[in-house]
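> Sequence:
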Amino acid sequence: MSQTILAEGRRGRLDRAPAPPPAGPPSQAGRCCSEEEYWNTYYLESDRHYEWNNGRLEEKPVSDYETFLVYHWFMLLLDHFLRTRPIAKLVALEMGFRLPLPTGTVIRRPDFGVVRNDNPQPLLPLEASYHGIFDLCIEALSDKKRADSERDTVVKKAEYAAGGVPEYYILHREPGRQAFFTRTAAGVYVPLAPAQGLIHSRVLPGFAFRLTDLCRRPDHETLRDDPVYRAFVVPGWQEAERRAAAEACAREAAERRAAAEGQAREAAERRAQAETSRADTAQAALRQAEARARAAEEALVRLRSQ
Numbered sequence: 001m002s003q004t005i006l007a008e009g010r011r012g013r014l015d016r017a018p019a020p021p022p023a024g025p026p027s028q029a030g031r032c033c034s035e036e037e038y039w040n041t042y043y044l045e046s047d048r049h050y051e052w053n054n055g056r057l058e059e060k061p062v063s064d065y066e067t068f069l070v071y072h073w074f075m076l077l078l079d080h081f082l083r084t085r086p087i088a089k090l091v092a093l094e095m096g097f098r099l100p101l102p103t104g105t106v107i108r109r110p111d112f113g114v115v116r117n118d119n120p121q122p123l124l125p126l127e128a129s130y131h132g133i134f135d136l137c138i139e140a141l142s143d144k145k146r147a148d149s150e151r152d153t154v155v156k157k158a159e160y161a162a163g164g165v166p167e168y169y170i171l172h173r174e175p176g177r178q179a180f181f182t183r184t185a186a187g188v189y190v191p192l193a194p195a196q197g198l199i200h201s202r203v204l205p206g207f208a209f210r211l212t213d214l215c216r217r218p219d220h221e222t223l224r225d226d227p228v229y230r231a232f233v234v235p236g237w238q239e240a241e242r243r244a245a246a247e248a249c250a251r252e253a254a255e256r257r258a259a260a261e262g263q264a265r266e267a268a269e270r271r272a273q274a275e276t277s278r279a280d281t282a283q284a285a286l287r288q289a290e291a292r293a294r295a296a297e298e299a300l301v302r303l304r305s306q
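Mapping to UniProt numbering: the sequence shown position 248 is 248, numbers consecutive.
FYI, nobody ran anything at the bench for these hints, they're computed from the structure. Here the structure is a predicted model, which is why all the values come from computation and not from measurement. Hints may contain errors.
[Unchecked claim] Within a straight-line C-alpha distance of at most 27 Å, the following computed BS3-like cross-link-like pairs (lysine-lysine) qualify:
#	residue 1	residue 2
1	K60	K145
2	K89	K60
3	K60	K144
[Unchecked claim] Simulated DEER-style distance windows between Cβ atoms:
#	residue 1	residue 2	range
4	A267	V228	24 to 30 Å
5	T184	R251	52 to 58 Å
6	E127	E252	51 to 57 Å
7	H220	D64	35 to 41 Å
8	A284	E252	44 to 50 Å
9	T41	E127	26 to 32 Å
10	V154	R230	34 to 40 Å
11	E266	V228	50 to 56 Å
Idealized CB from N, CA, C, for every residue including glycine.
Model the full assembly from the supplied sequences, consistent with the hints where possible.
Below you can see the structure in the form of structure tokens.
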């Protein structure tokens, strides 16, 4: 077979290389639809996630991977807290909730949210959307487009405050773009002021985190020895370690007692042997004295008989 035919065969195979996979359905962002159509058609859309802003679809943007890592670390920390102190439920499936605002109704899907157990609207096991107002909303900031960033930092901040969400956190890979808000009695958000580098939640009493840890993301297993987290991060391990340490101390104490008792027995045996030896010596001395006395008496008898 000629080299020309081989080359043409290779070119033919290259020309027939598999085509790239087809692109997903085009975005419907900006499309006008009713609230009913949104819930029935777009809310459960799997390829793209949409929110609904007073009659218009808005596509949820995607955060970068490092911001996701911050989000994931924080979510696991919060899950540790709620396992130890089950005062609320955590939702991390972009579950939507409805906010009837003076400017119009919006449906938002926070990256994850928290519903306290005493919330007037409980979170039911089979719900695919939440029919109340979250007690805490967390968004992982997307900064690829200015409009996406402003939606979390400006638009949603105003909506969540007006809708009655008590706390709102914005997470990002850069500390300067993170934000943590609490709602005042006047219905506006003010920053949660750090205390010695810690943010303390008002919605979840006892939950606190070190701001620098969001970007450091220390392994959660190491947090059990950290005074900030040890009260709620894997306390079962801490209790198991305490039990193991107590058992080790008990074993060591038992071994020391056994060793002391063994030494006491040996000392008692040595004393008994010494006493036995003294008694034997005394008996031998007594027998010798008696023998000498008998010998003296016998000698005296012999002298008298002469």
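> Each hint needs a verdict: does it hold in this structure or not?
Each hint, compared with the structure:
| no. | hint | verdict |
| --- | --- | --- |
| 1 | K60 / K145 | 12 Å, holds |
| 2 | K89 / K60 | 23 Å, holds |
| 3 | K60 / K144 | 12 Å, holds |
| 4 | A267 / V228: 24 to 30 Å | 53 Å, violated |
| 5 | T184 / R251: 52 to 58 Å | 57 Å, holds |
| 6 | E127 / E252: 51 to 57 Å | 54 Å, holds |
| 7 | H220 / D64: 35 to 41 Å | 22 Å, violated |
| 8 | A284 / E252: 44 to 50 Å | 47 Å, holds |
| 9 | T41 / E127: 26 to 32 Å | 19 Å, violated |
| 10 | V154 / R230: 34 to 40 Å | 38 Å, holds |
| 11 | E266 / V228: 50 to 56 Å | 53 Å, holds |
In this structure, the hints that do not hold are numbers 4, 7 and 9, in rising order.
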